[in-house]
Amino acid sequence: MSNDPQRDRHTVALALMGTTLAGFIAVAYPVLIPAMGVALAAFMAVALFLKL
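The number in the working numbering is simply the position in the sequence shown, starting from 1, with 443 added.
Calculated from the structure, these hints are not laboratory results. Keep in mind it's a predicted model, so treat the numbers as computed, not measured. Positions of the beta carbon are idealized from the N, C-alpha and C atoms, including for glycine. Do not take every clue at face value.
To be verified - If you anchor each label on the Cβ, the simulated ranges turn out as follows:
id	residue 1	residue 2	range
1	G466	A490	18 to 26 Å
2	K494	Y472	31 to 39 Å
3	A478	A458	16 to 24 Å
4	M460	G480	26 to 34 Å
Can you build the whole structure from these sequences, using the hints too?
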């Protein structure tokens, strides 16, 4: 991570907005919860592979 605290706050804010959106989708369309789990696993695998 960078030493710029402004950038770190933006990262946290984007993560919170993404989590909120995923929560709204899960509540509105419960059928999509398994697909969201697979998508999260794929995203984490790519993030670890690219060391993001």
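Hint check:
1. Look at G466 against A490: about 20 Å separates their beta carbons, and that is inside 18 to 26 Å.
2. About 32 Å separates the C-beta atoms of K494 and Y472, a value consistent with the hinted range of 31 to 39 Å.
3. For the hinted restraint 16 to 24 Å between A478 and A458, the CB-CB distance of approximately 20 Å keeps it satisfied.
4. For the hinted restraint 26 to 34 Å between M460 and G480, the CB-CB distance of approximately 20 Å leaves it violated.
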